[in-house]
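**Q** Below, each chain spelled out in residue letters.
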Amino acid sequence: MSVVTSSSHPSSGSISPAAAPGPDPAGAPTPGDLAGALARLREQAPLVQCLTNAVVMPLTANGLLALGASPAMVDVPQEAGPFARVASGVLVNLGTPHAAQREAMREAVTAAEEAGTPWVLDPVAIGALPVRTALAAELVERRPAVVKGNASEVMALAGLGGGGRGTDSADDVAAALPAARELAARTGGVVVVTGPVDLVTDGVLEVRVPGGHPLLTRVTGGGCLLGAVVAAFAGSSAPLVAATAACAWYGAAAAAAGRRPGAGGPGSFAVALLDELAALDPATPPAGLA
Amino acid sequence: MSVVTSSSHPSSGSISPAAAPGPDPAGAPTPGDLAGALARLREQAPLVQCLTNAVVMPLTANGLLALGASPAMVDVPQEAGPFARVASGVLVNLGTPHAAQREAMREAVTAAEEAGTPWVLDPVAIGALPVRTALAAELVERRPAVVKGNASEVMALAGLGGGGRGTDSADDVAAALPAARELAARTGGVVVVTGPVDLVTDGVLEVRVPGGHPLLTRVTGGGCLLGAVVAAFAGSSAPLVAATAACAWYGAAAAAAGRRPGAGGPGSFAVALLDELAALDPATPPAGLA
Amino acid sequence: MSVVTSSSHPSSGSISPAAAPGPDPAGAPTPGDLAGALARLREQAPLVQCLTNAVVMPLTANGLLALGASPAMVDVPQEAGPFARVASGVLVNLGTPHAAQREAMREAVTAAEEAGTPWVLDPVAIGALPVRTALAAELVERRPAVVKGNASEVMALAGLGGGGRGTDSADDVAAALPAARELAARTGGVVVVTGPVDLVTDGVLEVRVPGGHPLLTRVTGGGCLLGAVVAAFAGSSAPLVAATAACAWYGAAAAAAGRRPGAGGPGSFAVALLDELAALDPATPPAGLA
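Chains as they are written, first to last, in full-length UniProt numbering: chain A, 1 to 290; chain B, 1 to 290; chain C, 1 to 290.
No lab work stands behind these hints: they were computed from the structure.
All residues carry an ideal CB built from backbone N, CA and C; glycine is no exception.
Distance windows between CB atoms, simulated:
1) A/Pro-214 - C/Pro-261: 26 to 36 Å
2) A/Arg-259 - C/Ala-100: 43 to 53 Å
3) B/Ala-283 - C/Thr-110: 55 to 65 Å
4) C/Ala-134 - B/Pro-214: 42 to 52 Å
5) B/Pro-214 - C/Ala-283: 17 to 27 Å
6) C/Gly-195 - A/Pro-214: 39 to 49 Å
Selected chain C positions facing chain B (Cβ under 10 Å, derived; list incomplete):
7) Pro-58
8) Asn-62
9) Asp-75
10) Val-76
11) Phe-83
12) Leu-274
13) Asp-275
14) Glu-276
15) Ala-278
So here's chain A without its partners, still in its complex pose (with noise of 0.2 Å):
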């Protein structure tokens, strides 16, 4: 697997600071880079609190355990707050945005904003769904470190409160590249658009991430758990590295997944994506890496 960089402003190259620790490049990231953002999140087992839909729970903490993060579902209103102060980083994910877990939401990110604990937000199916929709919006005010969507989802994200442009539900990551960076302007974070090839961009900055496998998209939460990847990674590296290494690293594990003989269809290959999870290896980073 190869990572693509490319910059608009390649002299520009600032990363939101946010509240996450490790290196802070003034450039796209190199391969070393992702190696070191793995290593530390190895060493670290960064804890990660996910409040995310009820669909993809398990798949999410086992990924973060396969990974070697430290899982945490704490979404009940007034645990949600007090966890988000100790956690890692936060994911918030808005799949099945259940009035309680809103609440929580609201908690955990206000909790984050304050201890400078790097927040993902994950807007899932926004657009046309009200309650997730009007939620979303309320939320990328609060500056989460990482965004990721789809095409789709980030177009109507900076659609959003930026004179309603509205959402199209059949975009591809190109397509989706200036709400991307009117995105990552206005939050001051990162936003990845996912798609064959990931897009990643701190509204200056961009790289292009390919890798994955096409049985990825087969597996429900496939997407959802990269989301809490990011969040993983960003407990230990800046938003611009942990959102390049969480695709990076994600998209080699599928493809390793992929080639295995036995992984001919979802169900096999959801089984091999957490061995591969596991398997991943700071010091052998997948051939297009190096």
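Following the hints, put chains B and C in place on chain A, whose structure we already have.
**A** Coordinates of chains B and C only, in the frame set by chain A:
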């Protein structure tokens, strides 16, 4: 696998029109009807809204994805109604009916009725448990395109409002035939009674679908997923064809999973089931269907 | 696998009678007791009501099914109480204690007490998180047949109302022994402290159960499932036998899963664990038990 059909009134094989598109055969579904139903499902990738229990959400979503449908677990009040208007089919499964989900179910069913979206009722474990039993009695009057349950559930549901015959917890499929017929007549739709041989009836025609595998009863959500598969087929086939195709193809996938050398236990069987759902091929129906 | 037993008061090996049927041995459980416990479980297929966290529901239900029990995730208010009267055992796991589930837990525990249904308390992550900690302090006074937790959880629970010793987040099993004994004396039941070697005590007798596999800690719900397995055994064995049998047989299944050639990662290990739970045979107990 063979599909055995019979009819108490073969000359009047009427099928509930409901809102489903697709052919409306005058008699019991033929193997060709079932192959056509899968081909249409694969071509259209129907959007299936699932309001289902918390335990089986991952398997349900993964099973639908494997089959070729597009699952959407939209079960939040204020979102469930609007989504049911655009979905191809809706599943309402009463396995863990928390208050907010009950509200979302009523919304979704009302919208489905108005928009003509076919919807499937799975009255999980009704009879003794008061919350879901009352809800099932209410919802069954809203003309589900298909009701799917085991013998006890179907007998309990038919008894509700029909004379209070109550439920019998150790019923077999044959014993539930009168209840299934009555229920189909009352809803104007189709009723599926699951068991070693599934029974499908529209109140007049009866289809018996053997197949499946004993390990399916050792996988949590093995029955609940079938309800979602019925909803997926109902998006592009009339209810009797949809229900029969769902039972036949799902049973074929389960039987194939059981034949895999590695699938000797419930864990590996569940993985193989997803792989086999993805591998189903309309052009090469399972032996018994030909 | 061997089961090592010891007792601080070997001559007074009394075991909480609770409501569980089955033999009530005068001393620490023997391998024969454990074989008998599994044989009874398989014969009776106990109905195990689980009020557990959203993350582990699928694994919990699948693990119980694989073992030979009948899981029922009935956690809705107004249903949880009536069901606890007819269940063989009840699990109350505090992992994601949303408001409606808390209400259902109180209902279930009250009904279990009245009906004599043995119930198991798993005080997940109590200590710092306020909602679950308060709930655990309330429920532990309701005489759970078995409390199951890691060392930190057991120490936190023993400290509640017992002098405020608070919790220690890096405790090992040996350090939790005094807390476990005190807690057992207070509840009149049995306490399990999980770790590389599990500790089971009724306040007088102590049993140490080695076994298991390191990959079990990389599977979400690996510990939560053990709590459900305890509840399954508690339906037909006295608490000390039930808890010991659960740890021993579950550990045996995990060890066997870890020996499988293909189970080198957490994904395939979890699949193998379910297969091995189904393959457990009372007639051929694992080597160390003989």
